[in-house]
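For reference, each letter of the sequence shown is one residue, going 48 to 267 in the numbering used here.
The hints are simulated quantities; they were obtained by calculation from the structure and are not laboratory data.
Check the hints yourself; a few may be wrong.
Calculated cross-link-like contacts (lysine to aspartate or glutamate; reagent style EDC-like; alpha-carbon spacing at most 16 Å) [to be verified]: (1) LYS164 with ASP184; (2) LYS164 with ASP186; (3) LYS160 with ASP149; (4) LYS164 with ASP107; (5) LYS143 with GLU112; (6) LYS84 with ASP107.
Listed next, with one range per pair, are the computed distances between beta-carbon atoms [what the hints assert, rightly or not]: (7) LYS164 with THR229: 41 to 51 Å; (8) SER191 with LEU212: 25 to 35 Å; (9) THR138 with GLY224: 24 to 34 Å; (10) LYS179 with SER76: 35 to 45 Å; (11) GLN161 with PRO208: 29 to 39 Å.
In this text, all values refer to a predicted model and were calculated from it rather than measured experimentally.
We put the beta carbon where it would ideally sit given N, CA and C, even for glycine.
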Amino acid sequence: MTVSTMTQQPEQDNFTNDATANMATDAVSKGALHGIKVLDLSRVLAGPSCTQILADLGADVIKVERPHIGDETRHWAPPTFSDDTSAYYATINRNKKSLTVDITTPAGQTIIKQLAKTSDIVVENFKVGGLKKYGLDYDSLKQSNPRLIYASLTGFGQTGPDAALPGYDYIIQGLSGLMSVTGPTDGEPHKVGVAVVDLFAGLQLTIGIQAALIARQHSG
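Please build the complete structure, drawing on both the sequences and the hints.
Set out below in structure tokens:
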């Protein structure tokens, strides 16, 4: 899986020593990312594992889910906490707010655009171009929020011959050769039990986002 983060770079911001000191105090008491707003359009594991880390670090994360269905992992059970909240879902989406929006409708698209205006970060793991038809891609959202960091997690990158293909953990495990070193030495390739590729991709996306936040401080 590949990670992309996109930012505009207007003129440089200047931070005073007092502001830096206040930020340091907040980082200790409320988390290093306190005050950072994240709009989470991702689903299942790779994207949500990234936004889970951001939320754990103090960011204000709003997870957008489909009406009536929600994230698929709500129903991955047992165990469960309730009919619509599996332990899997609760674990990977802790410290987040949840909002149901139908992004296929004009009304839903308006809601997302309004939220994106005041967000620092948008995270999504749709196929390449999957959000463009709804006017929710980076080029569309940056028009009203030039400082927006748009983090996109895809299977095979934004460009290239395989860019349009969907990417799943077990596919990347196979293509990367990871399966060849798993299981009996004289047997067929085996998938690693845990979705390690999804988790690793989410971690790399988190690192990329934090680097983009630092770059934005210096460049605007």
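Okay, the hints, checked on the actual structure:
1. LYS164 with ASP184: 13 Å, holds
2. LYS164 with ASP186: 13 Å, holds
3. LYS160 with ASP149: 13 Å, holds
4. LYS164 with ASP107: 15 Å, holds
5. LYS143 with GLU112: 12 Å, holds
6. LYS84 with ASP107: Answer holds: LYS84 to ASP107 is near 5 Å, not above 16 Å.
7. LYS164 with THR229: 41 to 51 Å: 45 Å, holds
8. SER191 with LEU212: 25 to 35 Å: For SER191 and LEU212 the Cβ distance comes to about 31 Å; the hint holds.
9. THR138 with GLY224: 24 to 34 Å: Roughly 29 Å apart at Cβ, these two residues keep to the hinted range, so it holds.
10. LYS179 with SER76: 35 to 45 Å: For SER76 against LYS179, whose Cβ atoms are near 40 Å apart, the range 35 to 45 Å holds.
11. GLN161 with PRO208: 29 to 39 Å: Holds, at about 37 Å.
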